[in-house]
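What follows is the residue order along each chain.
Protein chains: 2
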Amino acid sequence: MTISMWLFVAIGLGVVSLGYALALYAWVSRQNAGGEREQAIAGYIQEGARAYLTKLYTALGVLVAVLGVIIALIFSLDMTRSVAERAFVLADNPWAGIWTALAFVLGALCSGLAGFLGMSIAVRANLRSAVAAKLGLNPAFRVAFYAGAVLGLAMVGTAVIGISLIYIFTGNPETILGFSLGASAMALLAKAGGGIFTKTADIAADLVGKVEVGIPEDDPRNPAVIADNVGDNVGDVAGMGADIFDSYVASVVAAMILGVGVGQTAAAGDGDPRFYVVFPLVLCTVGMLASFIGIQFVRVGRDGKPGAALNNGTVITCVIFAVLATLLNYAGGFNTGVLISTLAGLVIAVLIGFCTDYFTNDERRPVQQVAAMSKSGSAITIITGLSYGLISILPSILGIAGATLAAYFAAEAYGVSGIYGIGIAAVGMLSITGVIVSADAYGPIVDNAKGIAEMSEMGHEVVERCDTLDSAGNTAKAITKGFAISAAALTVLALFAAYGEVLEGLGVSLDIDLQKPIVLAGVLLGATCPPVFSALLMLAVTKNAFVMIEEIRSQFRARPGILKGTELPDYARCVSIASSGALTSLILPAVIAVIVPLAVGFLMGTDALGGFLGGSIFTGVIFALFMSNSGGLWDNGKKYIEAGHHGGPGSEAHKAAVVGDTVGDPFKDTAGPSINTLITVMSLISSLFAPVIAALTLVK
Amino acid sequence: MTISMWLFVAIGLGVVSLGYALALYAWVSRQNAGGEREQAIAGYIQEGARAYLTKLYTALGVLVAVLGVIIALIFSLDMTRSVAERAFVLADNPWAGIWTALAFVLGALCSGLAGFLGMSIAVRANLRSAVAAKLGLNPAFRVAFYAGAVLGLAMVGTAVIGISLIYIFTGNPETILGFSLGASAMALLAKAGGGIFTKTADIAADLVGKVEVGIPEDDPRNPAVIADNVGDNVGDVAGMGADIFDSYVASVVAAMILGVGVGQTAAAGDGDPRFYVVFPLVLCTVGMLASFIGIQFVRVGRDGKPGAALNNGTVITCVIFAVLATLLNYAGGFNTGVLISTLAGLVIAVLIGFCTDYFTNDERRPVQQVAAMSKSGSAITIITGLSYGLISILPSILGIAGATLAAYFAAEAYGVSGIYGIGIAAVGMLSITGVIVSADAYGPIVDNAKGIAEMSEMGHEVVERCDTLDSAGNTAKAITKGFAISAAALTVLALFAAYGEVLEGLGVSLDIDLQKPIVLAGVLLGATCPPVFSALLMLAVTKNAFVMIEEIRSQFRARPGILKGTELPDYARCVSIASSGALTSLILPAVIAVIVPLAVGFLMGTDALGGFLGGSIFTGVIFALFMSNSGGLWDNGKKYIEAGHHGGPGSEAHKAAVVGDTVGDPFKDTAGPSINTLITVMSLISSLFAPVIAALTLVK
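Protein chains in written order, with the numbering used here: chain A, 126 to 825; chain B, 126 to 825.
Rather than coming from a laboratory, the hints here were simulated on the basis of the structure.
Don't take each hint at face value.
No distinction is drawn between identical chains; accordingly, a pair holds when it is met within one copy or between any pair of copies.
Unchecked claim - No farther apart than 27 Å at their CA atoms in a straight line, the calculated lysine-lysine pairs in the BS3-like style are these:
| no. | residue 1 | residue 2 |
| --- | --- | --- |
| 1 | Lys500 | Lys780 |
| 2 | Lys689 | Lys180 |
| 3 | Lys500 | Lys335 |
| 4 | Lys335 | Lys780 |
None of these values were measured; they are calculated from a predicted model.
Work out the full structure: start from the sequences and follow the hints.
Encoded structure:
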């Protein structure tokens, strides 16, 4: 098959994926939406989600407009001619800036569209899943999972269509960096903002509701209860979706850029040198096909184990993908080294997922140990959880290092640049994104369904079914979260290599030997960014939670009818505090993400910037793993005690475990996963602006 | 002056320093030791310290014997001839192994001797300082500070004598790596072991004493009270002393190794190419002289501010050192670039000390914010403290990066290798070690004095004076801790450069470009070691505290007379649990420190090992700063509330702050500072074994 044919196949399957998503959207929307009472409650959640999305998209619009204009100007005008002899690759073509800026806007639009579809259906599916739970576990599961699949399928569809179109029109993978940066800008706002939103609402609702006035979780008398439920969607649907969309696109564009050099030395397929550039899209196409099939296997059998259903779906999709990729390799005469790289990424992603599960599963030693230690008070709970979180880094890092080396040497052994192998391993990991995201977005939907079932008093049996579905979501989440972080790690390693490749294309050789002090200084600065960034997000959570706690208290004081149940609280105020607080708090972190790498590049040179990116990746991956796993561990430690161990609910151990869980909340849902986005944005900014930096930097 | 003359001056001043230490030892011992009651209590502490030291030195003896024999064998036998063409530098000389092994043993002995003197006088001075406090603040301060100076002066004296002698006998700075590794072996056991000991006792004593049975701190009825007081000495005198001794020696040996190459290109002084090798010892000599003078200025004036007295002493010593070094530079015709490098290190060390103070001082925003947030419960205290701890990394990292660049480019500007400048900056930072350690060792002595004053009921006024002295110790500690970490950071950066220099001497060129996947894998593995190491130490603390808690409870159960005050508890049991627990828990962390770098080197090659060292330095410095500063911040947050803010002692805010302080204990006194030792040991092992690794590695 020629390159053009592959591109049209990719677009074709992208359209099918998007169409499939819309069909599922329609199917879920047609399900029974229940009676007036539950519709009213779901209505508040929908309303809150709409209010947040409006603010989010406005902020995104501003960010995209500003950055878009800057990109258009910088890449259109021949700014370098007077400053340096070294000219831009793109400088002769005044349209290059417009194309890059358009690609940037398109990236943000595609991610925004997928997120919008996912959010819209999530806030409809929660209600419909709860209503379906009256009939049984399986119908409720199907509604939630198919709604989750809307996000998964829409994401991969729009991403592949967008990337393919840009490549067809410009023929230059570096322009796609703009598309990827657009997706990253969306991810930065949606993931970090969503993370702050959801934990602000969660902590405030718990501290006043459960602790101060003693009403249960998901009680409609709590003014923050709707914000809390909106937060689940905002953080885990819109945020998580944008985050994985971002990694997915970035891995493809990094591999495409690395493929340019490969095509000049090794040809495959029908001998077209562009084959290796387009090959990442071929893998995406195979991944989509595997996902379509895999989704069919996600069913709850008669034994009713939704957690197993989700995990089986993931594993089956992996197997199908591996089989299809291998068949294609032999049918198409592709490069075997590249196939091995692909499979290395895939296998290690699954292994890391299971390692993460070990550290956060309540049937394993770490969670049980933390639960047991909770008997000695909350300080010991914290120390033990932090310690296990730090130890949990080890297997994942071994996996990432192993995948990197395996992919590199497999490609080299078959005559292809090893760096390209690393890029392809990242694409291999992310090829099954469609199914991963579907399983992940299922979580907040059933969490919401449980809330709606409780708030509208659907009865014990329905609530219990929703609870079973919810636990399954948590099991799936542990695995997909490990997957997301390791995929992001391999993606930024590929982007890191792409940064060198872009510079090489300009005739600038990158030397990031750690023995050079300017590189060392760059690494130290880069290594400092992820911890500082995560600290800013956590401080934003505590600060906004403080404001919301005051709001809840003042509503209770001003209108005593709320607690008696005779008067409705003002849900919208809490949603508004969470929304504005989250987006305002993002200004400084966004500056770190966008301005700091540019400042390092312009002031200290391209080598220092290379070191900076390396440093941010090292600590970024470590802190992301540490924070996510500690958080998951405390969460499940608390649930383990609530299941009746060590004195059960209300015991001293339980109180200590609640402290652990509250500390873990911003760890696992705000700071940890947002670090992925940070390092991706910094890597993309650096690669995209590499030509400008190389021309204008003070250190040459 | 010739090189030999400089060496004899260094040894001469080293002997003076040691003599000064012994004179102060005698002076402190002659002070009034009070009556029978306080002597009995101090006797228990002395007894406990002796019991711990016996176990510590036994463990050290075993470790030194095993490693010493290995070193002697490897460096004496010509193991490589059959395996590789590349021969050892030392292989032709069968005595080289014996020399290196002797140097190794001598390093452990010198550090052990200084620590022994420091500990012996500390457990005498505590009692004598408490007794002197009956007369007034100033006499008590003098006893404690002069006792602290015993450790400081003994340390620099033995270090300089040891290094000079080895250089005189072998003429090879690489042999001194053995001496440095001996000091590091001692530091690993003393610092990490002492850190586990002290926090095991502290947490257990508090959780049972204060929380369960409700007796005050330092109550003689608590079976763990002696272990707790012994712990202060063990962690903050023996451990901290060994840690800084370790950095001091390592910085000197790194600079000496880097000086070999410099002498071949630039000559100074009387033109001897060995000038740059010996110059670090010249700086140490100047530093000792400055310390002798600086110590005279540490006096409490009539206004009675011991904290200011300690800090003034440090600043005055810095100024004297800077003046002396500058005078010497112009008188001796030394290299101005090297002078600038020296001063850059010194200035930045002081600046970083003050930055650390900002984040842990209760008159500043971070501590006050954490205290205020404590009103919302312990989870918020933890999140806020962790966040500020993470942010506190930034100024120190900027300082370290700035010092590195300044030292590098200053040296280069004056025709000397920039890497040598970095080594000299580390020596410059550590030149005033004598005063720093004196001020630091003062802390646990007055802490103990307060305990003895309370336990032997010396009366309100005496206890209050001891309390004033104790707070001063905490203020000084914040600054010296920031100093210790930044000095260690610059030292390991110099050792890192020395590793490359050693390989270069063997004809092996080191290429640690981050674009090479084997280097990337090395960095990722290295970056994982400090977090995992610190987690193991923290788990050891919680595990041992658990055992001790059981012991205390069983003593209270079995002998009800203890709580009535009619029967003495079995103090020795708790001391024994803390001692054995600490040293047994060290086996796995020690394996990480010693075996992992060797494994990486032999399996993945010298480039990967270079990356590994780099990675361990990046996260090592970050985690050390983060953990130390968070811990200090929580500690002072609690004290701020105890001073009457936000409801004062017993309030909800206070309870939350106590949780923060307990989490911070192993952070700041066990895990954080031990990381310094870890990265130093790993760097030294790598440099020392570099010839063997280069010859035998699987990857060439």
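We went through each hint and held it up to the structure:
For the homomeric pair lysine 500 and lysine 780, the shortest alpha-carbon distances inside one copy (9 Å) and between copies (17 Å) are both at most 27 Å. Proximity of lysine 689 and lysine 180 under a CA criterion of 27 Å is satisfied in neither setting, with 33 Å inside one chain copy and 66 Å between copies. In this assembly of identical chains, the alpha carbons of lysine 500 and lysine 335 lie at most 27 Å apart whether taken from the same copy (21 Å) or from different copies (16 Å). Taking the shortest alpha-carbon separations for lysine 335 and lysine 780, both the intra-copy value of 12 Å and the inter-copy value of 19 Å come in at or below 27 Å.
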